[in-house]
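S.K.: Fit chain to chain and form the complex, with the hints in mind.
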Amino acid sequence: MRAAAVDWRLAAPLGIVYLALFAAPLLLLLGISLHVDQDLQQWGLDNWTKFWGDAFYRGVVWDTLRLGVAAVLATSLFAWPLAVFFCNASPRTQKILIFIILLPLLTSVVIRTFAWIVILAREGLVNQVVLSLGLSATPLRLLQTETGLILALMQIEMPLMLLPLISVMRGLDPNLLDASRALGAGMWRGFFRVILPLSLPGWIAGATLVFASACTAFISQSVIGGARLVYLPSLIWQQAMVVYDWPFAAVCSVTLLLTVLAGIMMLNWLGRYARTD
Amino acid sequence: MSQRRTFADQSFSLVFGGLTLLGLLILVGPVFIVLITSFTTSASLKFPPPELSLRWYQALFDTTRSAHIHRAAGNSLWVAGMATLGASILAVLAALAIGRSRRPAARALEASFLSPLILPSLAYGLATLMFFSLLGLRPSLTHLIGGHLVVIAPFVFRTTLATVTQLEPALLESSASLGAGRFMTFRRITLPLIAPGIFAGAFLAFVASMDNVPVSLFLSSARTDMLPIRMWGMMESTLDVRVAAVSGVLILAIMVLMFLMDRLTGLTRRMSL
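Residue numbers (our numbering), protein chains in the order written: chain A, 1022 to 1298; chain B, 44 to 316.
Simulated from the structure, these hints should not be mistaken for laboratory data.
Incorrect hints may appear among the rest.
Subject to a maximum C-alpha distance of 25 Å in a straight line, what follows is the list of computed DMTMM-like cross-link-like pairs (lysine to aspartate or glutamate) [stated by the list, open to error]:
#1 LYS1071/A / ASP1060/A
#2 LYS1071/A / ASP1266/A
#3 LYS89/B / ASP105/B
#4 LYS1071/A / ASP1084/A
#5 LYS89/B / GLU1167/A
#6 LYS1116/A / ASP305/B
#7 LYS89/B / GLU279/B
#8 LYS89/B / ASP283/B
#9 LYS89/B / GLU1144/A
Chain B is nowhere near these chain A residues, computed Cβ spacing over 12 Å in every case [said to hold, decoys possible]:
#10 ASP1084
#11 VAL1090
#12 ARG1143
#13 SER1157
#14 ALA1158
#15 GLU1167
Distance windows between CB atoms, simulated [said to hold, decoys possible]:
#16 ARG306/B / GLN1059/A: 47 to 57 Å
#17 THR281/B / ALA1025/A: 52 to 62 Å
#18 ALA1025/A / LEU64/B: 40 to 50 Å
#19 PRO212/B / GLY1080/A: 50 to 60 Å
#20 ARG1210/A / LEU282/B: 47 to 57 Å
#21 ASP1058/A / GLN101/B: 47 to 57 Å
Virtual Cβ for every residue (Gly too), placed ideally from N, Cα, C.
Chain B with its partners taken away, still in its complex shape (with noise of 0.2 Å):
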C-alpha cells in the first residue's frame, strides 16, 4: 500500500520527532551536566568545566571536613534501611489482606493505604512534627524512620498488590489439596511468586526515603541531619562543590543498583505497567 506523505503528516513527524528528541535531551542532560561538573577545578559551578580534576571528591571524602556530610549520609541510610524493612513488612501484609477481594471495603482500604502518595507531604511533615513535639518526644531518628515508613508505604503495597491480583487461585488450592498449611502454602508458593514485586516495591521505597525531603525537612534537627536537608542548606548558603561530588556518588549508585534491580526484579517492565 503506498501511503502519499501529504504536508501536513509530514509536519506532525517534525514536530513530534523534534519535541520527543528535546524531550529526551531534557529528561537526561541535567544528570550528565551534574555528573561532569562534579568533576570541575573551579570553586564555581561555570559549566563547562575549565578543567577535570577529582579535587571535590578528594574534598568529600576528608574525614575531618565533610564529617557533617558522613553523618547526614549515615543517617539517611539508616533511617531509609529501617523504614524500608518496616513498610516492607507492614504492606505486604497489608497487599496479601486485600489481593483477591473485589469487595468495596478492599478499594476502600487501597485507596487510604494509596493516599500518602498524594496528599501534600509537606503538610504531613509539619503534621508529624508537631505531634511528636506535643507529645512531648524529642527529635530522634526513630520519628524519621515513623514518618518515612508511611510515606513510603504506599510504594510497597502498590507493587505487592499488582503481583498478588495476579497470583492463579488454582496453585493455592491446590497446594492446600495436597495438604499444606496456610503457612506453607505462603511460604513455598506465594512468597516466591510475589517477591519480584516486593523486592521492587522495596527498592523504591528505599530511593524515595533516602531523597525524602518533607518529612525530614521537619523532623530532622542538628543532631538527626539527614542528606538531602543537608545538601540544599549547602546549596542554600554558599554554593559549595561538593554537592556536586555528593550527587555524583549518588546517581552512580542509582545506575549501579537500577541495573541490579532490572536484572533481579524486571524492574523496567514493572514501572513501565
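The following block holds chain A by itself, in its conformation from the complex (with noise of 0.2 Å):
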C-alpha cells in the first residue's frame, strides 16, 4: 500500500509560525552569544571564554547537570512501585489512580512550589512532625537547601515520569511475569529480569521530559534553593533582567539549551543501548 504524501498546505502555517517565532528568536539567541559587547556591535567569542573559563561558571553547570540527574533518580525510585501498583489495580481504581496523577501535573508549578514552602518551612508539617516526635530539639533547616528541592522537584516532576512508564508497562504481557515465576524466580528477580528491562523505553521516555523539566524548573529553583543555591536558570534571569547583560545571558541559554540537550542524547543512547543488550 501507498503512504499518504504529507500535505504541506496543511502544514504550512504551523510551520511558518515556527520558522517566525520558534527557530528565528532561537537563531537571534545564538547570535548575540557570538557577539563581544553589550550593545551588539562587535562580534567574537569572548562571552564564551568568559564563561567557561571561570570555575564557578563551569560550577553552575554541573549543579544544573547534578539536580536533574538527582530528579531523576528520585522520581525513578517511586515511579516504578506506583506503576507495578498501578498496572495490578482494577480500572475503576486505575481510574482515580490517574485522577492523583494528572491532580499534581494540572496543578501551576507555582502552586506546588508554595506548597514545599508550607512542608519545609521552619514552621512547616515537617519541622512540627519532627518535633513532636523529639527527633531534633531545634527546627530543621530545609528550605534553601538541594536536599529540600530534589525533595520538591520529586513531587512536581514525578507524574512526568509516571505516565510514560504506565503507559510502556499497561502494554506489557502479563503472561510474562507469570511465566517467570513459574520458572521459579521470586518477585524480586522477576521485577528486576522482566519488568525493568521490558519497560526500559517508557522509562526513558519520563526520565528525558523529568530531567529537562528539572534543568530548567526557574521557579522552584529560586524560591526553595534560595539565592545560596545557583543554577543555569537563575544565572539567565539575573543576566538578562537585573545585570542586563544580553550576549552573556544568551551564552547561558545556549549552554543550558546543550546542557538539556546532551541529557537527552545520554538517555536516547542509553535506551539504544539496552535494546541491544
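M.R.: So this is what it looks like as C-alpha cells:
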C-alpha cells in the first residue's frame, strides 16, 4: 500500500509560525551569544571563553546537571512501584489513580512550589512532626538546601515520569511475569529481570521529561533553593533582567539548551544500548 | 496452584507497597496542604493552621487591595484563551497534514512540531524577549500570545495526531465515493471523530499557558503582568498568604475542569495511553 504524502498546504501555517516565532528567536539567541559587547556591534567568542574559563560558571553547569539527574533518580524510586501497583489495580482504581497523577500535573508549578514552602518551612509540616517526635531539638533547615529542592522537584516532576512508564507497562504481556514465576523466579528477580528491562523505553521517555524540566525549573529553584544555590536558569534570569548583559545571558541560555540536549542524547543512547543488550 | 510466599517475596511486597503508599501521599499531599492552608486565620504559613476562616479569600476578592492580582489573572486568561485558540487551529491542520503519512518527511515534521516540549523553554523565553526588543516592539499581550502559542501548540498537535492516525481510511473513502467533497467529508466525518483529541489537547494547552513561567517571565511587564509571575513575586518578597487563596481557587477550578473534560473527552484514558 502506498503511504499517504504529507499535505504541505496544511502543514505550512504552523510551520511558518514556528519558523518566525520559534526558529528565528533561537537563532537570534545564538547570534547574540557570539557578540562581544552589549551594543551587539562586535562579533567574537569572548563571552563563551569568559563563561567556560570561570570555575564558578562551570560549577553552575555541573550543579544544574546534577540536579536533573537527582530528580530523575528520586522520581524513579517511586515511579516503578506506583506503575506496578497501577497495572495490577482494578479499572476503577486505575481511574482514581490517573486523577491522582493528573491533579498535581495540572496544578500550576508555582502552586506546587508554594506547597513545598508550607511543608519545608521552619514552622512547616515536616518540622512539626520532627519536633513533636523529639527527633530534633531545633527546627531543621530544609528550605534553601539542595535536599529540600530535590524533594520538591521529585513531587513536581513525578507525573512526567509516571505517565509514559505506565503507558509502556500496560502494553506488557502479563503472562511474562507469570512465566518467570512458574520457572521459580521470585518477585525481586521477576521485577529486575522482566519488568524493569521491558519498561525501559517508558522510563527513558519519562526520564527525558523529568531531566529537562528539573534543569529548567526556575521558580522551584529560586524559591526553594534560595539565593545561595545558583543554577543555570537563575543565572540566565539575573544576567538578562538584573545585569542586562544580553550576550552573556545568551551564552548561559545556549549552554542550558546544550546541557539539556546532551542529557537527552545520553538517555537515548542508554535506551539503544539497553535494547541491543 | 499453591504459591509459597518466601521471605524474599514478602520483602518485595513490603518495599513496593511502602513506596507506593509514600508515593501516593507525596503526589496528592501537597495539593491538599495548600487547600487547607488557604483557610488559615494566621498571617503565617504555619501548618496545620491554628484556626480556619475565609480571611484570605476575602482579601483576595477585595477589588481595591487585590487589583493587581485581578489584572494579572485577567491577562493570563486572555493570553491563554487566545493562544489556545490559535494553537488549536494551527496544530489541528498540521496533524491532518501528516497524520496518515509514514514518510520520513512526516517523521521529521512531527519531531520539529513537538520540539518545544523538550527544549528548555527558559532559553526560548529569553530568545523571544531579545527577538521582540530588537524588532523595536514594546511589551504587549500580543507577544505573550505568540510566545505561549509556540510552547503550547505541541499539546494539541500530539493528542490530535493520535486520533488522526487512528482514523479508518475506509470511512473517508466511502464518504468520497458517496459524492461528498473534501470539505464535506472533513466536517461530517473527520472532525467529529478527532474532536475528543482536539478538546483534550486544547484543555492541556490552556492549562499549560495559564501555568507558563519561562516565557511570561521574560515577556511580561508591569502593564502586562501574568498570574504565575505575580504569584512568584508575592512568594519571593513577603510571604503573602493570599498566594494560598489564589492557589485554592485555581486548584478547585482545575478539579472541576478535569471532571468536565473527563466526561467530554475521556481525558484520563487519553493521558494514560
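S.K.: Next, verify each hint and record whether it holds.
M.R.: Here's how the hints hold up against the structure:
{"no.": "1", "hint": "LYS1071/A / ASP1060/A", "verdict": "18 Å, holds"}
{"no.": "2", "hint": "LYS1071/A / ASP1266/A", "verdict": "13 Å, holds"}
{"no.": "3", "hint": "LYS89/B / ASP105/B", "verdict": "24 Å, holds"}
{"no.": "4", "hint": "LYS1071/A / ASP1084/A", "verdict": "18 Å, holds"}
{"no.": "5", "hint": "LYS89/B / GLU1167/A", "verdict": "22 Å, holds"}
{"no.": "6", "hint": "LYS1116/A / ASP305/B", "verdict": "10 Å, holds"}
{"no.": "7", "hint": "LYS89/B / GLU279/B", "verdict": "17 Å, holds"}
{"no.": "8", "hint": "LYS89/B / ASP283/B", "verdict": "13 Å, holds"}
{"no.": "9", "hint": "LYS89/B / GLU1144/A", "verdict": "5 Å, holds"}
{"no.": "10", "hint": "ASP1084", "verdict": "15 Å, holds"}
{"no.": "11", "hint": "VAL1090", "verdict": "16 Å, holds"}
{"no.": "12", "hint": "ARG1143", "verdict": "9 Å, violated"}
{"no.": "13", "hint": "SER1157", "verdict": "17 Å, holds"}
{"no.": "14", "hint": "ALA1158", "verdict": "19 Å, holds"}
{"no.": "15", "hint": "GLU1167", "verdict": "18 Å, holds"}
{"no.": "16", "hint": "ARG306/B / GLN1059/A: 47 to 57 Å", "verdict": "54 Å, holds"}
{"no.": "17", "hint": "THR281/B / ALA1025/A: 52 to 62 Å", "verdict": "59 Å, holds"}
{"no.": "18", "hint": "ALA1025/A / LEU64/B: 40 to 50 Å", "verdict": "49 Å, holds"}
{"no.": "19", "hint": "PRO212/B / GLY1080/A: 50 to 60 Å", "verdict": "56 Å, holds"}
{"no.": "20", "hint": "ARG1210/A / LEU282/B: 47 to 57 Å", "verdict": "50 Å, holds"}
{"no.": "21", "hint": "ASP1058/A / GLN101/B: 47 to 57 Å", "verdict": "53 Å, holds"}
Going through the hint list in order, the structure does not satisfy hint 12, though it satisfies all others.
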